[in-house]
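Here are the chains, one letter per residue:
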Amino acid sequence: MEITLWHLLDSLLAILLLGLAWSALSGTDLKRGVVLFMAFGLLLSLIWARLRAPDLALAEAAIGAGLSGALLLLALRDREKSENKAGQPMSLLRLATVLLMLLLAASFALAYVTAVTSNTGGRLAGLAFGNLEQSGVSNPVTAVLLNFRAYDTLLELAVLLAATLGILALGSERRPFRRPGVLLGALVTWISPLLVIVAGYLLWTGAHAPGGAFQAGALLAAAIVMLRLGGMTSEQLPHPLLQGWLLASGIAAFMLAGYLATFHDLAFLQYPAGWAGLLILLIESAAMLSIALSLGLAYLGGSPSGWDERSSRGKRS
Amino acid sequence: MTELLGSLFILASLAFFAAGSIGLLRLPDVHARLHALTKADNLGLGLLVAGACLIGGHLLLALKLLLVWLLVMFASAIAANLIARHAMKDGEES
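Residue numbers (the numbering used here), protein chains in the order written: chain Z, 1 to 317; chain B, 1 to 94.
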């Protein structure tokens with residue numbers, strides 16, 4: 001095998017990734033660890049791009065590096081300043097963890113080698129590519145996520161909804177940030193509409209190119225985070241009732257599409273021929289809104305102020 | 001010819017990125033580091049984008065790259081300002 005410049009770059013990326021992972025976990029300064037973790041996410045998305053998985057690269061950059069980092073930084077802000085040191089676990093526990101991780105790494109390596117070397121059985125990727133024309137979209141990743149294994153994606157949305165309900169049960173939201181200066185305000189007002197446009201583009205383009213509901217939803221959530229940093233209060237979010245509908249809309253659209261198929265003597269979630277493209281777009285649009293609001297509520301860290309009012313009103317009536 | 005010119009632009013951008021990184025590591029305080037980093041990043045990225053536009057050779061691609069450059073400049077200028085102001089406030093307190 002010829003060694004090219006790409007090999008050099010790839011090994012450099014891999015070494016950097018391992019180094020970043022180590023330094024993010026080994027230090028005791030939590031803030032430093034979080035920032036290093038965000039850098040780790042960014043580098044990981046570069047590596048996904050190098051592995052020709054642009055869908056994953058987009059998702060990792062938006063969720064892994066961006067939103068997770070923002071959530072972790074916010075969690076740090078909640079703690080007392082004196083507490084911002086990581087506790088040192090017992091050395092025996094540490095040793096056990098390292099051994100377990102090594103075992104896990106070894107089993108992953110074994111699985112990879114087996115997958116690459118063994119020839120028995122059909123590859124799922126071949127099956128997916130072979131049926132791409134019937135899926136309604138031409139982006140294989142979207143075809144797999146929204147059609148071939150739509151059931152898994154439906155359950156993923158259910159998990160997301162359950163997690164959001166957990167967040168809403170935590171109590172009321174964090175205090176909003178104080179109004180920022182002119183400059184950050186300008187950045188927020190310029191960038192948030194741009195984020196909405198890009199999210200719409202990613203949603204639309206997901207049918208034939210990298211993109212889709214998860215990436216678009218993460219971008220919309222990033223817009224919520226930016227607006228929050230710019231001093232947005234939860235009164236500026238949609239009406240609580242509408243929020244509830246939006247949260248459930250992803251699963252609702254999925255289930256509706258699934259059950260509609262059963263009226264035509266098809267299996268649950270088996271899209272009728274010719275309708276798959278439109279159904280996938282509708283489901284993805286609804287899922288994008290659900291995902292965006294779920295992640296946004298995670299950043300608010302509890303139920304927005306209107307929610308409590310609504311529940312108390314509900315009790316009275 | 002355009003490819004050669006593009007490569008030259010990219011090489012020049014590398015020099016700016018290197019200078020910025022060295023500045024970030026070596027300069028004494030936050031403000032000096034920011035100065036090194038933002039200057040080098042904006043100009044370095046600008047040269048990189050110019051080089052990539054020349055090598056790419058598509059108008060649409062060039063416009064997209066230009067947009068990336070503008071957005072990064074916008075964000076990095078404001079981020080630098082925020083960090084600098086925060087550092088100044090911290091300096092007053094201590």
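To be clear, the hints were calculated from the coordinates, so they are not data collected in a lab.
Check each hint, because a few of them may be wrong.
[Said to hold, decoys possible] Which stretches of chain B does chain Z cover? Using the computed rule of at least three CB atoms under 8 angstroms from a CB of chain Z, they are:
(1) 28 to 40
(2) 48 to 59
[Stated by the list, open to error] Heads up, simulated DSS-like pairs for lysine-lysine below, C-alpha to C-alpha not over 30 angstroms straight-line:
(3) Z:Lys31 x B:Lys64
(4) Z:Lys31 x B:Lys89
(5) B:Lys39 x B:Lys89
(6) B:Lys64 x B:Lys89
[As the list claims (entries may be wrong)] Restraint ranges, calculated between C-beta atoms of paired labels, are given here:
(7) B:Asn81 x Z:Tyr201: 28 to 34 angstroms
(8) B:Asn81 x Z:Gly200: 50 to 56 angstroms
(9) Z:Leu170 x B:Gly56: 47 to 53 angstroms
The beta carbon of each residue, even a glycine, is placed where N, CA and C say it ideally should be.
Violations among the numbered hints, reported as their numbers in ascending order: When the structure is compared with the hints, numbers 1, 2, 3, 6 and 8 turn out to be violated.
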